[in-house]
Amino acid sequence: MQIFYTVRKGDTLYNIASRWQVPVESLVYMNHIREPNLLQIGSQLSMPMGITSYVVKPGDTLFKISSFYGISLDTLINANNISPPYTIYPDQVLTVPAGVPWYTVRKGDTLFSIARRYNTSSSLIFEANNLETPIIHPGTNLKIPFSPDESFNNLVLIIFDDINHFLIIYNGFTGGFESIKVPDGGDGARIFVSPNGKHISYVSNEGIIYVIDKYTEEVSSIDKIDVPGFVSWSKHGNRIVYSNNSVIRLYNVLTRQFETIERPLARYVQFLDEASLLFESGMSIYKLNLIDNTEERVFQFSNPINDVLASPDGSWFLFTSPGASISEIYTVNLNDGSLNKLPSGQQAKNFNPVWSHDSSRIAYSETVFENGRYYSIIRITEPVGYLARKVAISNSYATPLVWSKNSQNVAYMSGRHDLSVFTEVWSVNTSLDVPKSILTGFTFIDFDM
Numbered sequence: 065m066q067i068f069y070t071v072r073k074g075d076t077l078y079n080i081a082s083r084w085q086v087p088v089e090s091l092v093y094m095n096h097i098r099e100p101n102l103l104q105i106g107s108q109l110s111m112p113m114g115i116t117s118y119v120v121k122p123g124d125t126l127f128k129i130s131s132f133y134g135i136s137l138d139t140l141i142n143a144n145n146i147s148p149p150y151t152i153y154p155d156q157v158l159t160v161p162a163g164v165p166w167y168t169v170r171k172g173d174t175l176f177s178i179a180r181r182y183n184t185s186s187s188l189i190f191e192a193n194n195l196e197t198p199i200i201h202p203g204t205n206l207k208i209p210f211s212p213d214e215s216f217n218n219l220v221l222i223i224f225d226d227i228n229h230f231l232i233i234y235n236g237f238t239g240g241f242e243s244i245k246v247p248d249g250g251d252g253a254r255i256f257v258s259p260n261g262k263h264i265s266y267v268s269n270e271g272i273i274y275v276i277d278k279y280t281e282e283v284s285s286i287d288k289i290d291v292p293g294f295v296s297w298s299k300h301g302n303r304i305v306y307s308n309n310s311v312i313r314l315y316n317v318l319t320r321q322f323e324t325i326e327r328p329l330a331r332y333v334q335f336l337d338e339a340s341l342l343f344e345s346g347m348s349i350y351k352l353n354l355i356d357n358t359e360e361r362v363f364q365f366s367n368p369i370n371d372v373l374a375s376p377d378g379s380w381f382l383f384t385s386p387g388a389s390i391s392e393i394y395t396v397n398l399n400d401g402s403l404n405k406l407p408s409g410q411q412a413k414n415f416n417p418v419w420s421h422d423s424s425r426i427a428y429s430e431t432v433f434e435n436g437r438y439y440s441i442i443r444i445t446e447p448v449g450y451l452a453r454k455v456a457i458s459n460s461y462a463t464p465l466v467w468s469k470n471s472q473n474v475a476y477m478s479g480r481h482d483l484s485v486f487t488e489v490w491s492v493n494t495s496l497d498v499p500k501s502i503l504t505g506f507t508f509i510d511f512d513m
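Counting with our numbering, you get residues 65 to 513 for the letters of the sequence shown.
There may be inaccurate statements among the hints.
Between beta-carbon pairs, the in silico distance windows are [stated by the list, open to error]:
hint, residue 1, residue 2, range
1, Leu195, Val157, 35 to 41 Å
2, Leu195, Asn235, 34 to 40 Å
3, Ser423, Asp277, 17 to 23 Å
4, Asn235, Val157, 35 to 41 Å
5, Thr204, Arg453, 48 to 54 Å
Since the hints were made in silico from the structure, they are not lab data.
A virtual CB, placed ideally from N, CA and C, is assigned to each residue, including glycine.
Please put together the full structure from these sequences, using the hints given.
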């Protein structure tokens with residue numbers, strides 16, 4: 065549900081946004097604000113996810129903190145389960161929500177006007193509140209759901225419902241999903257969707273590679289590799305390629321035939337096009353011609369190379385280096401060999417870079433430790449690092465990301481302050497910087513589009 069902040073005297077969009085470190089543009093577009101400099105006291109703003117923690121300083125009181133953020137004392141107390149006598153201590157980390165999970169109806173409001181203002185539909189509001197009539201009255205508190213995201217129709221996710229693991233296929237028009245039960249789920253499981261959307265390669269927590277026909281739901285087990293596994297689809301979606309550290313294997317999902325290429329220690333093996341592969345070995349990147357089996361080293365680096373990913377058009381690749389505690393993102397132009405380092409924050413924890421489907425942009429997670437907790441800043445940039453900007457915030461460490469097919473929206477996971485599980489999936493429109501929650505209620509492990 066959407067979270068609402070009530071405007072008070074002296075508020076501006078800038079100071080509201082700065083308290084939770086969210087883009088001002090997000091507030092403008094999420095609330096259809098026509099005059100950003102003219103906020104009406106008492107109006108309610110739908111708030112994007114931001115930095116919702118605060119480290120207590122000497123002399124702080126709950127009243128002082130709640131007054132600074134412009135939220136009620138009860139909201140702050142309830143968010144932190146604080147009991148009488150309501151004592152807080154220096155260096156204690158508090159949750160500071162940006163508001164309350166309801167909208168209070170004002171004079172003149174209708175379901176339609178509320179829905180239009182907050183980018184949802186009157187029918188969704190009607191259903192979320194179990195209303196018997198569309199007539200609403202001032203003072204009524206209404207839950208305001210987010211609308212589904214059509215750009216992520218057919219998003220595939222691995223979920224855990226506390227009993228079993230499933231692949232679910234998200235319906236971006238209704239917000240519902242279809243499910244396929246899968247074996248051996250867990251934190252190491254990964255999925256890779258074919259470009260034509262007909263097949264899904266699922267690598268289980270045990271490293272078993274399964275190929276799933278999305279329409280017949282037939283599941284075929286084909287091989288075993290190390291976890292977390294990496295599999296790449298050909299552009300036509302009829303073959304997958306992977307490495308088991310001894311050989312490179314290509315599997316045709318139509319003929320169910322294998323082709324094997326001797327190449328020990330190859331990693332991140334992937335299709336550049338139907339006739340060539342890209343892979344990493346020994347801090348070098350190689351290109352392999354599948355027609356004549358010739359190999360060419362196209363790049364060499366002085367530090368470990370991880371998370372290699374070719375652009376969909378085959379003209380670039382990206383990678384991270386050197387490791388987990390410090391992780392920078394680089395891109396290489398395969399046409400001229402030029403190397404670029406993407407913008408990074410002071411903590412240099414940049415993870416999970418992914419290409420847009422049109423190869424024009426990269427999204428990645430810049431993890432920061434802020435106010436006593438980890439967050440991921442969702443950033444997008446061009447391949448050479450130009451026009452980098454923040455579009456959303458996730459309350460997790462190293463959130464996974466995926467682009468929509470139209471290369472306009474980015475989905476990301478959240479709900480992981482304690483580094484244990486992801487419990488929410490969000491999307492953000494990168495043109496308007498408008499985030500929305502699209503799935504909750506499960507443990508989410510991986511996703512692909």
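- Message: Could you work out which of the previously given hints the structure breaks and list their numbers from low to high?
- Response: 2, 3 and 5
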